[in-house]
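Asks: Work out the full structure, taking the sequences as your base and the hints as a guide.
Top to bottom, those sequences are chains A and B.
3 is the number of the first residue of the first sequence in our numbering; add one for each residue after it.
3 is the number of the first residue of the second sequence in our numbering; add one for each residue after it.
Where hints are given, some of them may not hold.
One copy or any two copies: either way a pair holds, since identical chains are not told apart in the list.
[Unchecked claim] Here are the simulated DMTMM-like cross-link-like pairs (lysine to aspartate or glutamate), alpha carbons at most 25 Å apart as the crow flies:
no. : residue 1 : residue 2
1   : Lys78     : Glu39
2   : Lys86     : Glu6
3   : Lys259    : Glu39
4   : Lys78     : Glu166
Please keep in mind that the hints were generated in silico from the structure rather than gathered at the bench.
2 protein chains.
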Amino acid sequence: MLPEEVEEIIRRMEEERIQGASYLAEMGAKAYIKLAEIFEGDTLLEGIKELGTEVINVNPTMASLYNLVRFIPLTKNPEFVKAKAEEFIRLNKEAKLEIGNIGSEIIDQNEIIITHSYSSAVLEILKRAKEKGKTFKVILTESGPDYEGLALAKRLDELKISFEVITDSQMGLFAKKATLALVGADNITRDGYVFNKAGTYLLALSCYDNGVPFYVAAESFKIHPEAKVDDVKIVERKFKRDHTIIRNYLFDATPWKYIRGIITELGVLVPPKEI
Amino acid sequence: MLPEEVEEIIRRMEEERIQGASYLAEMGAKAYIKLAEIFEGDTLLEGIKELGTEVINVNPTMASLYNLVRFIPLTKNPEFVKAKAEEFIRLNKEAKLEIGNIGSEIIDQNEIIITHSYSSAVLEILKRAKEKGKTFKVILTESGPDYEGLALAKRLDELKISFEVITDSQMGLFAKKATLALVGADNITRDGYVFNKAGTYLLALSCYDNGVPFYVAAESFKIHPEAKVDDVKIVERKFKRDHTIIRNYLFDATPWKYIRGIITELGVLVPPKEI
Numbered sequence: 003m004l005p006e007e008v009e010e011i012i013r014r015m016e017e018e019r020i021q022g023a024s025y026l027a028e029m030g031a032k033a034y035i036k037l038a039e040i041f042e043g044d045t046l047l048e049g050i051k052e053l054g055t056e057v058i059n060v061n062p063t064m065a066s067l068y069n070l071v072r073f074i075p076l077t078k079n080p081e082f083v084k085a086k087a088e089e090f091i092r093l094n095k096e097a098k099l100e101i102g103n104i105g106s107e108i109i110d111q112n113e114i115i116i117t118h119s120y121s122s123a124v125l126e127i128l129k130r131a132k133e134k135g136k137t138f139k140v141i142l143t144e145s146g147p148d149y150e151g152l153a154l155a156k157r158l159d160e161l162k163i164s165f166e167v168i169t170d171s172q173m174g175l176f177a178k179k180a181t182l183a184l185v186g187a188d189n190i191t192r193d194g195y196v197f198n199k200a201g202t203y204l205l206a207l208s209c210y211d212n213g214v215p216f217y218v219a220a221e222s223f224k225i226h227p228e229a230k231v232d233d234v235k236i237v238e239r240k241f242k243r244d245h246t247i248i249r250n251y252l253f254d255a256t257p258w259k260y261i262r263g264i265i266t267e268l269g270v271l272v273p274p275k276e277i
Numbered sequence: 003m004l005p006e007e008v009e010e011i012i013r014r015m016e017e018e019r020i021q022g023a024s025y026l027a028e029m030g031a032k033a034y035i036k037l038a039e040i041f042e043g044d045t046l047l048e049g050i051k052e053l054g055t056e057v058i059n060v061n062p063t064m065a066s067l068y069n070l071v072r073f074i075p076l077t078k079n080p081e082f083v084k085a086k087a088e089e090f091i092r093l094n095k096e097a098k099l100e101i102g103n104i105g106s107e108i109i110d111q112n113e114i115i116i117t118h119s120y121s122s123a124v125l126e127i128l129k130r131a132k133e134k135g136k137t138f139k140v141i142l143t144e145s146g147p148d149y150e151g152l153a154l155a156k157r158l159d160e161l162k163i164s165f166e167v168i169t170d171s172q173m174g175l176f177a178k179k180a181t182l183a184l185v186g187a188d189n190i191t192r193d194g195y196v197f198n199k200a201g202t203y204l205l206a207l208s209c210y211d212n213g214v215p216f217y218v219a220a221e222s223f224k225i226h227p228e229a230k231v232d233d234v235k236i237v238e239r240k241f242k243r244d245h246t247i248i249r250n251y252l253f254d255a256t257p258w259k260y261i262r263g264i265i266t267e268l269g270v271l272v273p274p275k276e277i
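Replies: Spelled out as structure tokens, the structure:
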């Protein structure tokens, strides 16, 4: 049995509809810190195992959660757990800043950048590019049914970055007008598939068909150490509209063939030549 | 000045959000009949010209409206106008039935058919296939922001055809599960582009990437006699969601390269070999 305060964090993670894999991993790390504040010794050791399962189950598609769980040691020492969880949070923040630095260099003057869904890594890149004085425009999708795109629009508005919001179905139309595509990721598999918000694959295909370079921005902890594309379970959250059940897988998989590069804090990973 | 009864039909055409190019062309033909019931002689001749402009302006993307206007003679004789408008409506109905006959032959036993938006020609094909005793399943998109997909779902439900509704962003995910794609058209240009509800291009790309045959069902009056892809004006209807303006072009263009065939009442048109 996990303490109620820890379960409360798990519940908030489960209910989160806008933020992505990196935010949820940070919340997961905070759950470990909370656990280590309450438990110690054998109870802590058991708690770490139990929490690991719960954290991964929040969203089994997200490699960030898997890697967080791997990062936390199985120990009876609460200080050790806290230190590692805090390290994870710090690395997460540093990775994002570095992705901003590297990614913003890819943005040229007057670029028209198309994106899909809400990615904190993409947002960081846009923010840094703006700080560097670059002029560019963002085309973003609403990202139904939860409309993360509208949350991103709000942030861009605050940052005084000019943007246009489109319906998800218009990705193909607007990919033609874009000069660069930038999306986030929830999981990057060993065989080079990028799992991200459903629709990302459609944007990648459209960009490929129109010669628009398609980049993914992702902290290295989004790279899954073992899983291949078919091993990844795609989370679904069905809903109803007008009494009709709507299927709703949250993610799709884009093969590396359609990706120009993956911007990580370690540099820009490029697809192997034979792909 | 057109009679109020005719203007009323035009207004209803402008407000239509679910039905497509073939339904609107039929309404346009009814507007001509109404005009011929009220006007004759020189007033009729002037009225036909004025109505022609208004009918095309209802939706300049739709070749069906352009071809209807071409079909109606410039004459002072109301009987002639009525006869031609009625002929158009009859040909429209016959074409749809014939498309149902031809198209339903393409559907194999246990086919999984993916479609986007609401097409009366596609619906006719599905209806005929069901009547022929074929067993199949339909995957359809919601088709935001007007949700024509939900209207199609209702029709399929009445016809006892089994179906699943998906969000628009999942087209790529579900194209992989489909064995056949079937969509309608609003305009087919001389250079072989199919204009249909925005998102059709995304479905075509996904099907092409997954080896799923992609067919268009369209009466021959959806083929534009002159226009090439860049001549077609794509109608836009911006809207607001949560105070944010959302761009909303209604249609996109799919190049013939991605289309296996166009099912018309004259037969199945196939792309020229060199494409």
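Asks: Can you tell me if Lys78 and Glu39 fall within 25 Å by alpha carbon in one copy, between copies, both or neither?
Replies: within (12 Å within a copy, 91 Å between copies)
Asks: With 25 Å as the alpha-carbon cut-off, assign the pair Lys78 and Glu166 to within, between, both or neither.
Replies: neither (52 Å within a copy, 49 Å between copies)
Asks: Could you figure out if Lys259 and Glu39 sit no more than 25 Å apart (CA to CA) within one copy, between two copies, both or neither?
Replies: Close neither inside one copy (46 Å) nor across copies (62 Å); limit 25 Å.
Asks: Check Lys86 against Glu6 for me: Cα-Cα at most 25 Å, and say if that holds within a copy, between copies, both or neither.
Replies: Answer is within: at 22 Å inside a copy they meet the 25 Å cutoff, but 76 Å across does not.
Of the numbered hints stated above, those contradicted by the structure are hints 3 and 4, listed in ascending order.
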